[in-house]
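Q: Model the full structure from these sequences, guided by the hints.
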Amino acid sequence: MSDVLSKFCPFFIQVDRTGQIINLGPSMAKVLGVIGANIPADTNFLDLFQITRPANVKSISSLAQGDGIKLSLYLRAHPDIRMKAAVSHDPQTDMVFLSPSFGIGVQAAIGRFGLTMTDFATTDMVPELLYLIEANQAAMQASKRLTLRLQGAKAAAEEQAQSDTLTGLRNRRGLDAALDHLITHRQKFSIIQMDLDRFKAVNDTYGHAAGDAVLTHVAKVMRRETRQCDILVRLGGDEFLIILPDLTDAGRLAQLGQAIISGIETPVMFDGEMCHVSASLGVMTCSDTLAPDVNHDALLVQVDHAVYAAKDAGRGCVRFVSDLMAVDG
Amino acid sequence: MLGVVNKAIEHFIRATYGDRVWRDAAQHAQVSVGGAGGDIEPMLMYSDEMTYQLIDGLIQSTGKPRQDVLDDLGTFLVTPPHGRMVRRLLRFGGATFDEFLISMGDLNDRVALALPDLDLPAITVNLCATDRAVITVENRIHGFANVLQGLLRAMADDYGTLVFIDIEDCNDNTSEIVVILIEQNFAKGAEFNLAG
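Protein chains in written order, with the working numbering: chain S, 1 to 329; chain Z, 1 to 196.
FYI, nobody ran anything at the bench for these hints, they're computed from the structure.
No false leads were mixed into what you were given.
Example chain Z residues on the side facing chain S (calculated, C-beta under 8 Å, incomplete): (1) 41; (2) 43; (3) 85; (4) 89; (5) 95; (6) 113; (7) 115; (8) 196.
Over the 10 Å line for every Cβ pair with chain Z, so calculated as not near, a few chain S residues: (9) 6; (10) 30; (11) 40; (12) 43; (13) 54; (14) 103; (15) 123; (16) 155; (17) 255; (18) 273; (19) 298; (20) 316; (21) 323.
Facing chain S, according to a computed beta carbon distance under 7 Å, are these residues of chain Z, among others: (22) 42; (23) 92; (24) 114; (25) 194; (26) 195.
Virtual Cβ for every residue (Gly too), placed ideally from N, Cα, C.
A: Spelled out as structure tokens, the structure:
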């Protein structure tokens, strides 16, 4: 009988009516540190194990009555390793049989007690369970690494992007690339810089979503009023810029500036609210003789002055850098 | 083919023949080798052709016979340090080499639990006698039987079992690998700790 049990259920424990352990499966003997079949005479089951569920099982006789129940228990020497066990009472011999198993905590138990594959019944699912845990961990790790790499690649792509995500216009990086191209190819061009007027009020009153709707509207106006070859830039916030290759005629630039302003002044409906903004524009024309290493910032600072001149003149208008020179001079 | 196969081939080539041969093979298969960690993603799918081209490129670059290269690849897959994990997962198949051999019949099901996209050819294991097993492999992936042969030999070594392994019979659809167990406990074998 116990030979069969040892093979089918190597963790079994056989207990008599007094709680004395009569017989052990070879693997349970390993767990308890019992050498061979030499179970010390006064080894009482309830001294070694603490039963946690069901609560009413506190003695061997209540255990004997609990034939067929599922027991939760742990070794008093290893309270962190939880076990469960099926209980069977043999009325002929008045013996109680238990078949403990480690359940989901089996990995910890294997490490603690130095168990090997041969300590489990040949049909036990433990090796498969362990296999699955480790195989899944490896696969998850590989997937996690892939995700991290993709996140890194995405961040790098955004870093290198030359366009603004909200409006689809170019960003500062895109602007620099365009300026470099024009200057090295010795092309004349003009720069229109514009700051929105009353944009902060829209943002503060109706929220950022309304502000975004206004910015999108401005980008639409810029696209509508300019040529295919013009370079449209959002520098950030409510600052925009247009680079116009080969167009340096002051009359046409002033006309274009006015068209953009009136387009921007068309109110934007957002969530039932009318959002009114306008724009102050600064314009600078650049000849085809700029030095290839000219500092972009130095150019832009000049246009910036023209924008401030437009603001000073009451907003919603266009000022030329060349006019500033005349005034300054 | 799941990228993990190509990644394994990359590790194999770099560890065995060096980065120069890897560059040759990668170029042959039109795999870019620019990125810091290489450009094959283990968890993404690639065409089967790419895998074959990597092997062809390796053979061209080294001039080694195809069978030897594939056999070595199989051994590499389960030999630490690179093959530590695969070797460990395979050792869950059984406490002894003959149990392990039988478990190879479940290899596809086991693999599917962890990597459903790694669609390996079907393997059936027949224990004809106590000392003789015939492993039948679907020929869906060219050269797979040769890789498996190298892998089985290395695993026998890991269990400390003395075996004779040969590919005896090939037809269009299947290959047969014959394993003859000469001595189950020939050597002590490598440690296998269930707890890892």
